[in-house]
Amino acid sequence: MLKINELKASVEEASILKGLNLTINPGEVHAIMGPNGSGKSTLASVLAGREEYEVEGGSVDFDGEDLLDMDATERARAGLFLAFQYPVEIPGVSNINFMRAAVNGKREHEGLEPIKGKAFLDMVKDKAKLVELDGRLRNRSVNEGFSGGEKKRNEIFQMAMLEPKLAILDETDSGLDIDALRIVSEGVNAMRSPERSFLVITHYQRLLDYIVPDFVHVLVDGRIVRSGGKELALELEEKGYDWIKEDIVA
Amino acid sequence: MAYDGKDKVLEEVTGKSYEFGFTTEIESDKAPAGLSEDIIRLISAKKEEPEWLLQWRLEAFAVWQTMEEPNWPHLNYEKPDYQAISYYAAPKQKKQLNSMDEVDPELRRTMDKLGISLEEQKRLSGVAVDFVMDSVSVATSFKDKLAELGIIFCSMSEAVKEHPELVRKHLGTVVPTRDNFFSALNSAVFTDGSFCYIPKGVRCPMELSTYFRINESGTGQFERTLVVADEGSYVSYLEGCTAPQRDENQLHAAVVELVALDEAEIKYSTVQNWYPGDENGKGGVYNFVTKRGICHRRSKISWTQVETGSAVTWKYPSCILKGDHSVGEFYSVAVTNNAQQADTGTKMIHLGKNTHSTIISKGISAGNSHNSYRGLVQIMPSAANARNFSQCDSLLMTDTSGAHTFPYVEVKNPTAQVEHEATTSKIGEDQIFYCLQRGIDAEQAISLIVNGYAKEVLNQLPMEFAVEAQKLLSISLEGSVG
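Heads up: the protein sequence lines correspond to chains A and B, in order.
The opening position of the first sequence corresponds to residue 1 in the numbering used here, with each subsequent residue numbered one higher.
The opening position of the second sequence corresponds to residue 251 in the numbering used here, with each subsequent residue numbered one higher.
Since the hints were derived computationally from the structure, they do not count as laboratory data.
Any given hint might turn out to be false.
Some chain B residues flagged as far from chain A (calculated, every beta-carbon gap over 12 Å) [stated by the list, open to error]:
no., residue
1, 411
2, 423
3, 480
4, 512
5, 668
6, 728
Derived lysine-lysine pairs resembling DSSO-like cross-links, with alpha carbons at most 30 Å apart [what the hints assert, rightly or not]:
no., chain 1, residue 1, chain 2, residue 2
7, B, 705, B, 676
8, A, 8, A, 239
9, A, 230, A, 245
10, B, 572, B, 662
11, B, 411, B, 393
12, A, 129, B, 705
13, A, 116, B, 450
14, B, 603, B, 419
15, B, 603, B, 572
16, B, 411, B, 297
17, B, 705, A, 125
18, A, 118, B, 721
19, B, 597, B, 450
20, B, 676, B, 721
21, B, 705, A, 118
22, B, 721, A, 116
23, A, 8, A, 230
24, A, 125, B, 721
25, B, 296, B, 329
26, B, 597, B, 572
27, B, 419, B, 450
One-sided and incomplete, this derived list gives chain B residues near chain A with beta-carbon spacing under 10 Å [to be verified]:
no., residue
28, 286
29, 648
30, 679
31, 680
32, 684
33, 688
34, 690
35, 692
36, 698
37, 702
38, 703
39, 705
40, 706
Glycine is no exception: its CB is placed at the ideal position from the N, C-alpha and C atoms.
Next comes chain A alone, as it looks inside the complex (with noise of 0.2 Å):
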């Protein structure tokens, strides 16, 4: 699904990844963890084509398209998401609007004909069950005065509807009280498929008692500096990045 090899990025001439290797399988979810500008970030913008970062050597391949040769949309369109840390606010544009752009954007990529009216309102009607997104929500402007809790919900009511093959998720868990993680976390749960795959970006090892990973890597100054099962995370939460940190310099 993807293989990353070797991947340096920088930004604002900063360099943040200094050859960073993940290779993630099909149906796979992977937790990557990290203390406070490791470059998890900074991964997810890479990866999602974000324009101010500069990648400076290695390569990404996607479900054996090469990613780095795609522009931002080719890569959603070919099945890409990303769950953002802090959402944006669209003032003006319906929820529903900006999504039946979105759905259409991918349906064009599949060559399909855009979606009709009545479909996409059930499919919208089906897929916000999933976070418990009501309808003054899905009618409201694009995350225009949601509460943290709101706009992640939106996040992942948005990658039910678009059915990524590979979903980023990037520090979903910031700023989440204990509901609405459990509340986002089955989302995701419901959602996980033989055919789909997970990056979970995240600081804390509570997010992963929900999404339960099968693999958990460290990232710490812009390489994995180690990797594990889901009891690494627990390890991690125990003894701090420290202690990996020293484990290095050892």
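Add chain B to chain A, keeping to what the hints say.
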């Protein structure tokens, strides 16, 4: 065989004579360049006008000669040579084309994007249409229906002939001749325009649109429009169209006057898409318009405008809130791209008690363009408990474009409440990226964001106009983010 040959000859002859007829007509019926009393007499005579109107024009000309072109707008353009312009040309037919293949492909592409039907495209671009009975009957039944209600909707020339008492009573009462340089010029030389009268208590059942008149006479360089809504009546009036309009006249100086008598309501919506010139603004239309309405007791005038065209726009649709409890509204979206310049806004003059006004202005600047909002809110001593709310937002699409706001507020009554909000923002990289990440392409992303930004204003437009206006905004901003 012989028959075929004859047909061919006929075709050639008719084709040719048409060509000649077209050019000779211009030559013979065009006044020499320059403006003088003689030219004004010529215009008035050609139009078979009554003496009072000729005198009115001559007075306007005398006033205009004492005036100077304004320098205060935030605009930079080469002032036209008013003596090099020809002020009268017989209403001429648009050059007829034989098929859509002859239409400028750029124009076609734009019309396709606007979703304009093929028949409509032909009409707009002057392609000979096998005149569809339908559209004739639509126009006719439309006129019948209006006549039944006593509504008058015709060209200004026709109104001068058929309804001189109404024209004479109201013409120049809202925008006096000496109001400004361009209104004086227009008063002296206007050639045509629209006239509309809604009788007492009548609610006009359809949107009145110049669309139904455009076939009868082309739009002029100096248009004069007068809308009178008698007591308790209502009318929604649409001006312009979303399709790009090219015109050989560089200077346009229109005057629009609205009269809302007691408890009447006028909703006036404009979509302006004159040719903006090339990327450097060369060849674009200069649009200097004076639009103003007067509100009598408990009446309401609402201006909504979507301005995307012209090289230079100078325009301030205004309301004089004379009657107690009258309401004035101004909703505007002005888009400038490339080298376009717009200085637009409104004036709300509160004279009556308990008068309310609302101003929502959304400027969008792209390319190297400059977009200015200029507004005046004036609360006169007589206007007890007057209220105004103004919101002026500017959206910058590039680092090289400019947004300027010149709000003037004059309050002479202590009971007034005046609120002003203004914001300037650059289109968000984050917003665009968010859209891209959802699989929406850059062009559509900008379209979504800009339409969302302008939604408050677009919502004021009648439905059929609103849809086209949304598409128009997107087209005007194509490839404009930097």
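Each hint, compared with the structure:
1. Against the 12 Å criterion, residue 411(B) stays outside the reach of chain A, whose nearest CB is about 47 Å from its own CB.
2. Taking the minimum C-beta to C-beta distance to chain A, about 39 Å, the non-interface status of residue 423(B) holds against the 12 Å cut.
3. The non-interface label for residue 480(B) is consistent with chain A: the shortest C-beta to C-beta separation is roughly 37 Å, beyond 12 Å.
4. At roughly 36 Å from the closest C-beta of chain A, the C-beta of residue 512(B) stays outside 12 Å, upholding its exclusion from the interface.
5. Interface exclusion of residue 668(B) from chain A stands, the closest Cβ pair being 25 Å apart, more than 12 Å.
6. Look at residue 728(B): its CB is around 16 Å from the nearest CB on chain A, clear of 12 Å, so calling it non-interface holds up.
7. Taking the CA atoms of residue 705(B) and residue 676(B), the gap is near 17 Å; set against the 30 Å cutoff, the hint holds.
8. For the suggested pair residue 8(A) and residue 239(A), the alpha carbons sit about 29 Å apart, so the restraint of at most 30 Å is met.
9. Of the pairs offered as hints, the one joining residue 230(A) and residue 245(A) holds, with about 19 Å between alpha carbons and a cut-off of 30 Å not exceeded.
10. Distance restraint check for residue 572(B) and residue 662(B): the Cα-Cα separation of roughly 15 Å lies within the 30 Å cut-off, and the hinted pair is therefore satisfied.
11. A threshold of 30 Å between alpha carbons decides the hint, and for residue 411(B) with residue 393(B) the separation of about 18 Å falls inside it, so the pair holds.
12. For the proposed pair residue 129(A) and residue 705(B), the alpha carbon gap of about 29 Å is at most 30 Å, so the pair holds.
13. Between the alpha carbons of residue 116(A) and residue 450(B) the distance comes to roughly 46 Å, so the proposed pair goes past 30 Å and is violated.
14. This hinted pair checks out: residue 603(B) and residue 419(B) have alpha carbons roughly 26 Å apart, not beyond 30 Å.
15. Using a Cα cut-off of 30 Å, the hinted pair residue 603(B) and residue 572(B) holds, with the two alpha carbons roughly 9 Å apart.
16. A hinted pair counts as satisfied when its Cα atoms are at most 30 Å apart, and residue 411(B) with residue 297(B) qualifies at roughly 10 Å.
17. Restraint check for residue 705(B) and residue 125(A): satisfied, since their Cα atoms lie roughly 25 Å apart, inside the 30 Å limit.
18. This hinted pair checks out: residue 118(A) and residue 721(B) have alpha carbons roughly 23 Å apart, not beyond 30 Å.
19. The suggested pairing of residue 597(B) with residue 450(B) holds, with an alpha-carbon distance near 27 Å, which does not exceed 30 Å.
20. For the suggested pair residue 676(B) and residue 721(B), the alpha carbons sit about 21 Å apart, so the restraint of at most 30 Å is met.
21. The straight-line distance between the Cα atoms of residue 705(B) and residue 118(A) is roughly 25 Å, inside the 30 Å bound, and the hint therefore holds.
22. Taken as a hint, the residue 721(B) and residue 116(A) pair is honoured in the structure, with Cα atoms around 20 Å apart against an allowance of 30 Å.
23. Straight-line distance between C-alpha atoms of residue 8(A) and residue 230(A) comes to about 27 Å, which keeps the hinted pair within the 30 Å bound.
24. Distance hint between residue 125(A) and residue 721(B) is fulfilled; the C-alpha atoms sit about 28 Å from each other, no more than 30 Å.
25. Note on residue 296(B) and residue 329(B): the hinted pairing holds, with a Cα-Cα distance of about 29 Å set against a maximum of 30 Å.
26. For the hint linking residue 597(B) to residue 572(B), the alpha-carbon distance of about 13 Å falls within 30 Å, and the restraint holds.
27. Proximity of residue 419(B) to residue 450(B) is assessed by CA-CA distance (about 16 Å); at most 30 Å being required, the pair is judged to hold.
28. The interface hint given for residue 286(B) is broken, as the beta carbon of that residue sits about 52 Å from the closest beta carbon of chain A, more than 10 Å.
29. Of the supplied interface hints, the one on residue 648(B) is violated, with its beta-carbon coming no nearer than about 16 Å to a beta-carbon of chain A, more than 10 Å.
30. Hint status for residue 679(B) relative to chain A: holds, with the closest Cβ pair at about 8 Å, below 10 Å.
31. For residue 680(B), the interface hint holds, the least distance from its beta-carbon to any beta-carbon of chain A being 5 Å, beneath 10 Å.
32. Because the beta carbon of residue 684(B) sits about 5 Å from the nearest beta carbon in chain A, less than 10 Å, this interface hint is met.
33. A least Cβ separation of about 4 Å between residue 688(B) and chain A falls short of the 10 Å threshold, and the interface hint therefore holds.
34. Proximity of residue 690(B) to chain A holds as hinted, the smallest CB-CB distance being about 5 Å (cut-off 10 Å).
35. For residue 692(B), the interface hint holds, since its Cβ comes within 10 Å of a Cβ in chain A; the closest pair sits about 7 Å apart.
36. The restraint placing residue 698(B) at the interface with chain A holds, with a minimum CB-CB distance near 5 Å, inside the 10 Å limit.
37. Hint status for residue 702(B): holds, given a least beta-carbon distance of 3 Å to chain A, under 10 Å.
38. A distance limit of 10 Å between C-beta atoms decides the matter here; for residue 703(B) the minimum to chain A is near 6 Å, and the interface restraint holds.
39. At about 4 Å, the closest approach between the beta carbon of residue 705(B) and any beta carbon in chain A falls short of 10 Å, and the interface hint on this residue holds.
40. Against a cut-off of 10 Å between C-beta atoms, the interface hint on residue 706(B) holds, since the closest Cβ of chain A lies about 8 Å away.
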